[in-house]
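A.B. asks: Using the hints provided, position chain S relative to the given structure of chain L.
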Amino acid sequence: MGRMNLVVNGKSHEIDVAPETPLLWVLRDTLGLTGTKFGCGMGLCGACTVHLESDAVRACQTPVGSAGSKKITTIEGLSPDRSHPVQKAWIAEQVPQCGYCQSGQIMQAAAFLAKHPRPTREEIDQVMSGNICRCGTYHRIRRAIQRAAGEAA
Amino acid sequence: MPVQVEVNRREFLKAGASSGAAFVLGFYLPVRGKTEESLYDSQPQIFKPNAWVRITPDNQITLLVEQPEMGQGPRTVVPMMLAEELEADWATIRVEQAPTIPEIYKNLITGGSGCVRSAWGSVRKVGAQAREMLITAGAKQWGVDKSLCRAENGNVIYLPAGRRLSYGELVETASQIPPIAADDLPLKAPKNFRYIGKPILRTDIPSKVDGSAVFGIDIRVPGMLYAVIARCPHFGGVLKTCDDSAAKAIPGVRAVFRVAPLPGPDGKGGGTAGGVAVVGESTWAALQGRKALKLTWDKGPTGDESTDSLRKRLQEQAIATPSFVAVNQGDALKQLAEAAKKIEAVYETPFQAHATMEPMNTTVDVRDDGVEVWSPTQGATLTQEDIVRISGLPASKVTVHMTLSGGSFGRRGQWDYQAETWQVAKEMKKPVQLLWTRDDDLQHDFYRQYAYQRLSAALDENGGILAWSQRIASTSVHAYYAIPDKIKDPRYIAALELGGADVLPYSVPNFRLDYLSAESPVPRAWWRSVTNFTAFAMESFVDELAHAAGKDPCQFRLSLLPENQKVTSVMWPDGKPLDTRKFRTVLQLAADKAGWGKPLPAGWGRGIACHFSFGSYIAHIAEVSVEKDGAVRVHRVVSAVDCGTAVNPDGVKAMTEGSINFALTEVLTGEITIKNSAVEQSNFHDYQVLRMNQSPEIEVHIVPSTANPEGMGEPGVPPLAPAVTNAVFAATGVRIRRLPMDTRLLRKP
Numbered sequence: 019m020g021r022m023n024l025v026v027n028g029k030s031h032e033i034d035v036a037p038e039t040p041l042l043w044v045l046r047d048t049l050g051l052t053g054t055k056f057g058c059g060m061g062l063c064g065a066c067t068v069h070l071e072s073d074a075v076r077a078c079q080t081p082v083g084s085a086g087s088k089k090i091t092t093i094e095g096l097s098p099d100r101s102h103p104v105q106k107a108w109i110a111e112q113v114p115q116c117g118y119c120q121s122g123q124i125m126q127a128a129a130f131l132a133k134h135p136r137p138t139r140e141e142i143d144q145v146m147s148g149n150i151c152r153c154g155t156y157h158r159i160r161r162a163i164q165r166a167a168g169e170a171a
Numbered sequence: 120m121p122v123q124v125e126v127n128r129r130e131f132l133k134a135g136a137s138s139g140a141a142f143v144l145g146f147y148l149p150v151r152g153k154t155e156e157s158l159y160d161s162q163p164q165i166f167k168p169n170a171w172v173r174i175t176p177d178n179q180i181t182l183l184v185e186q187p188e189m190g191q192g193p194r195t196v197v198p199m200m201l202a203e204e205l206e207a208d209w210a211t212i213r214v215e216q217a218p219t220i221p222e223i224y225k226n227l228i229t230g231g232s233g234c235v236r237s238a239w240g241s242v243r244k245v246g247a248q249a250r251e252m253l254i255t256a257g258a259k260q261w262g263v264d265k266s267l268c269r270a271e272n273g274n275v276i277y278l279p280a281g282r283r284l285s286y287g288e289l290v291e292t293a294s295q296i297p298p299i300a301a302d303d304l305p306l307k308a309p310k311n312f313r314y315i316g317k318p319i320l321r322t323d324i325p326s327k328v329d330g331s332a333v334f335g336i337d338i339r340v341p342g343m344l345y346a347v348i349a350r351c352p353h354f355g356g357v358l359k360t361c362d363d364s365a366a367k368a369i370p371g372v373r374a375v376f377r378v379a380p381l382p383g384p385d386g387k388g389g390g391t392a393g394g395v396a397v398v399g400e401s402t403w404a405a406l407q408g409r410k411a412l413k414l415t416w417d418k419g420p421t422g423d424e425s426t427d428s429l430r431k432r433l434q435e436q437a438i439a440t441p442s443f444v445a446v447n448q449g450d451a452l453k454q455l456a457e458a459a460k461k462i463e464a465v466y467e468t469p470f471q472a473h474a475t476m477e478p479m480n481t482t483v484d485v486r487d488d489g490v491e492v493w494s495p496t497q498g499a500t501l502t503q504e505d506i507v508r509i510s511g512l513p514a515s516k517v518t519v520h521m522t523l524s525g526g527s528f529g530r531r532g533q534w535d536y537q538a539e540t541w542q543v544a545k546e547m548k549k550p551v552q553l554l555w556t557r558d559d560d561l562q563h564d565f566y567r568q569y570a571y572q573r574l575s576a577a578l579d580e581n582g583g584i585l586a587w588s589q590r591i592a593s594t595s596v597h598a599y600y601a602i603p604d605k606i607k608d609p610r611y612i613a614a615l616e617l618g619g620a621d622v623l624p625y626s627v628p629n630f631r632l633d634y635l636s637a638e639s640p641v642p643r644a645w646w647r648s649v650t651n652f653t654a655f656a657m658e659s660f661v662d663e664l665a666h667a668a669g670k671d672p673c674q675f676r677l678s679l680l681p682e683n684q685k686v687t688s689v690m691w692p693d694g695k696p697l698d699t700r701k702f703r704t705v706l707q708l709a710a711d712k713a714g715w716g717k718p719l720p721a722g723w724g725r726g727i728a729c730h731f732s733f734g735s736y737i738a739h740i741a742e743v744s745v746e747k748d749g750a751v752r753v754h755r756v757v758s759a760v761d762c763g764t765a766v767n768p769d770g771v772k773a774m775t776e777g778s779i780n781f782a783l784t785e786v787l788t789g790e791i792t793i794k795n796s797a798v799e800q801s802n803f804h805d806y807q808v809l810r811m812n813q814s815p816e817i818e819v820h821i822v823p824s825t826a827n828p829e830g831m832g833e834p835g836v837p838p839l840a841p842a843v844t845n846a847v848f849a850a851t852g853v854r855i856r857r858l859p860m861d862t863r864l865l866r867k868p
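As you go down the protein sequences, you meet chains L and S in turn. When you read off a place in the first sequence, starting at 1, and then add 18, the result is the number in the working numbering. When you read off a place in the second sequence, starting at 1, and then add 119, the result is the number in the working numbering.
Calculated pairs, EDC-like style, for lysine to aspartate or glutamate (alpha carbon to alpha carbon, straight line, at most 20 Å):
| no. | chain 1 | residue 1 | chain 2 | residue 2 |
| --- | --- | --- | --- | --- |
| 1 | L | K88 | L | E71 |
| 2 | S | K410 | L | E38 |
| 3 | S | K712 | S | E818 |
| 4 | S | K712 | S | E816 |
| 5 | L | K106 | S | D323 |
| 6 | S | K548 | S | D488 |
| 7 | S | K516 | S | E491 |
| 8 | S | K545 | S | D487 |
| 9 | L | K133 | L | E169 |
| 10 | L | K106 | S | D769 |
| 11 | S | K367 | S | E400 |
| 12 | S | K317 | L | E111 |
| 13 | S | K367 | L | E38 |
| 14 | S | K670 | S | E580 |
| 15 | S | K701 | S | D711 |
If you are wondering where the hints come from, they were derived from the structure by calculation, not from laboratory data.
Bound conformation, chain S alone:
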């Protein structure tokens, strides 16, 4: 959810910047009802500042950004919003990652495609505030009326005399004038934007083409050691025996010891697996040592679990009663029982791994004076809280440096890899970098939930949808977390499993949505687009209904979409409602740009799908060809996006392109399977992610908008799978209902 920011405090400090005096402006989130006065008097957690602006006499403007950089671009898009209202010269803007000082910064985290949304209100206000104070300072310095001054590209100008002073020259005066309330300051009208909506080069890219960008794995601390952990491959299993004699004999191995499993903190993910740590003078020594361990494992109480046994449970759950009834409008079950024309289908989406290119790792130094952590985390604030909890130290003794992340997609919101590193470093009393190998990464992930969805619909005589029933059975993410006081609440268990399914955009008088949770020992959590796996079933099924009604799939959708109606989520009623006008617009735009309806070569097909998530609307049209042997090639994807204001349009395009290619793995090859309660895949040969020769040409079209910006990190994922499988149906007449696609179904005799 976007953070609602109320700017109610400004601070001017003379900061000890190397260049001398600095004009510092912070902005804060009021929390827990405490007063603002205690912010700087060592009473922690009074306010939640989520950014700082620092202006120095050398005209350098530094913005401390709270969000982690994991590829989604906050180090560019967030300062763009500042520069806009501050009337700054873009070339003078610098970005720093905000540090973990919990008294001041509490929101070093991102998730839910919330980066731009959370910064939109707060950062622009800070820019406006800083601008007004600089103008005031300029007027004071000249001794003129403020109304005759204005700010322009890093300067304050006194209009009648044409005099100007740069922001750097105003630092001294600005730091002495009383604060100006931000709430009354008007923000710029979109027509006056200089930066917002213009393509701006990403600030982090130069360091990513010359090897100088520092990811978590690149941290080097004097005297540090390198570690890996051998973990029990069976979920819920434990170590039985360990012979480490050969491991200890490997040159460079410094220590081998057991690491206890840690129970999961309530509401913050599952536990750690525990295992045997091998610490060496180099990563290679540690890896060789681990390879030499002789270990036996007890598979534990769920040791027989397999993908087959889970599927069977899901199939049973999909028809079981009682269920959690999320939506019950009209009488869908009665209509379906009496329907003249009833269509049914089951859709299945298996476990998926995040498979970030930078495997999990963290570096920790446990010293007498506290703990220092360097981690490619999705949330330094969470990491700090976790280390505080397991170490018993106060937050003031735990420093977390949030490095660049080599991808996250939700994985780095978990705490396991940092907690393990702390365990090893504590034992070694030296700085330790713990590295996860690709096997560790794929076999000890928190996977995207496994879902089994049964849909039924009745068509009326005009081909409209009379009744729609969707029953979703899945390995609930919240059930895995098992917060004791909430585990019995079916609404809580269903909360991350129904995304989109409870916001049906199409006109259906009788609509029923049921949820059933299936047990599983397999860890799972949020995976790029999280609960919106529902889109594969919904948008495939709409396609099936269109064909059953004998209608064009695009026209069928448009005919069922009200011109201008708001649909509120049942599960998340406070969220942004779906606007059918915007849904229609992206569908129509994608169709126009893709040449929907134009003829394609034999063996080719075009498929359309649309989904609303994280406040944004995305329609994809995929063009595919299917070979005689069933091989599917996705040639082109045309996307239409309504994300409100596209603050950095090239960033919006990059996120859409990335989402398409990320989702294609799930469609074509990606699948985590379970045997003996362990993951069967171990590296990129058997968990095959998309490669360049499988990647399509992509066109992204952005709907012009001045509405508030919405999320873009994830919304491109959900509609991609159905767009492709709908295209495969158009090419072959074969309906794919389980991912990844089984191309044997597409072979021609």
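Pulled out of the complex, with its shape left as it was, chain L reads as follows:
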């Protein structure tokens, strides 16, 4: 075990866990931030996507010790009131069905749009193909990203 400081959603947490523990389980089980989901444990589905500084990473493949002092943002910290352009677009396009994968989809899309504010359809497809939605909301996700890109610009 090891004591460390973790900065999540602008808040500092002192935790005592083995540094190789995946960030996912620290968020969910230690800090109680359950918006980040477990889907595969192998970085194959994207349900656990969070931001490490400005990068989208798979929390199930990120040892908590590697986060260091980097700022972590989870879905709970994306905006205080669902006002992030991606969240607004998700509501406007009525994207979620079961909703389980959507935290990861939104975090992936938000990180992507921050760096690529005017993506093409092919770029959207390429980046978002790491995130699985079994309910099949893909073409609404695509539309929502295009909408968010338009509104943010």
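C.D. replies: Same frame as chain L, but now just chain S:
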């Protein structure tokens, strides 16, 4: 099947809502012939209420919804029906999941695309009843004639004076007036609908974009522990040896112990695998502990089973005799034997996993005073019954909280993951959350049945179908459940294996349908659209016949569809008959909207397929391109839907879109294979589900209708596979008869 609801009792209670007085209206399903008087006097199972309305003085209207929210939208579409008849202001409607109080609520379950269908009669009646009683209360409060009052957007209005009182202001009076019988109250005419048929924003979506939605896996109970189970990978196998010394040494691991396999409850799925439970202070500790277990397994009596051995049995069954003859009209076998032009084909659809994004999990607290369960189940009522059965406790001591579900597609109707959690929690005497990993999920699912279908047809000189024979061999779902007194009934064994095949919409004078069941140790159960795997064979074969007859596949279908005929299911004669007029309408609409017949680029193709299931008609037209290396890209799917009244049209579209993408996995990549009686796939790298770069553009067109609403969760699945493979044939001339598509067959030299 839709539940037939007869509203025959109303209750007014002063409920202890925080805001004070509440006007409460329940509605009940009479069951087991008992009288209504005993509903509230602690005699259980007298009525089956399936929803409650609660109106409080702050103008808040709460509907307790029985159906689980698994993505299909009941928390929006069910209250829409209430608000319509109640003349409520939509903004004042709240939804709560009904609790497991078996004396009152007995139908906390959904399945068979039945959510809207079951609520359509009952919930609207409750709304009408509540509305009439509020109007009566308003008239009483004013001391005026009721006929001069009416309800409008959450208020009762006294027309001559223009006075109005909100529903909240009428709570006190309404709760004191005698009930009004619901059966005599007229329901609104469709032309007066304010909510039904209008796109309404889903009530659950805001919580699903900010991480606040609580799924089963998100339940946190003070003092809870986390568990995983190592299960025997071989179906029918058992644990031989277990060395848990290394596992117990993992920091955070609290306990390691054996969990006994449980036999399947009759009619409710198979047994549990049993295995070794590892309980930890965190999920990660439990996972690390499981990884450190040293286990050996006995493969059991069916340890040699493989996909190849199963295929061989299915192939043998497909030509074996005697069979269960479900349909025998005319003399198809004689016509086929004498036919001048006979076409034959075999279609194969392997096992599929549900692969819900939220893996199975449940949290259970076993205390001295009873058991509390939090589960993402498809049926809290079933979960409660199962825990009651295995624990021996009365239902009053078993509480089940039905959380949001991260997808289900039929999987969460099984009981295994809840029963296992109860076993572990009982041992630990602490609340425990049992998590299934993706490996557990893919390797211990109840799979879609494996089916092998042999079709033969004879064409007449005009290109019509003279004879049609379909022989279906499959790993029957009901045979797996093996209810002792029914296992020998061939009709029961075939009951979930012939969907659609016994409701042939096309004119065929000589029609024969045979069924044969193949043994398999692999668990299987209902998988989105269940028995309608038949559509792949039927709609592919019709396409083959069209090409054999030299006709356009769409025109060929229309030429064989009577203008206006009802076709009754042989297996489910009480179900809704297929209406050929509606079948024709969706085919024609899809063709018109997709530009059927218009030229496409070289290497592209368009395919059409149509199917009737769960009361709804869906035609899909797929546009695909095939690369030189055989890679298939589905660019666009145009769908036409007749589901009766589309209560929430955007919900109908969402279900159709989702069904298309769900079914594409089965077409392109999804396949569960067996070796040594174990599943070979373990995660999304080898059970590949559809990703965004494979997903098509989708257009959904809804046929306007005022008929009763029909199911929409599943009907979009069956016709998708044949629409795509028919399009591949149009593009390449190669007929795909086994799913998922083997693209090597499509490579160009």
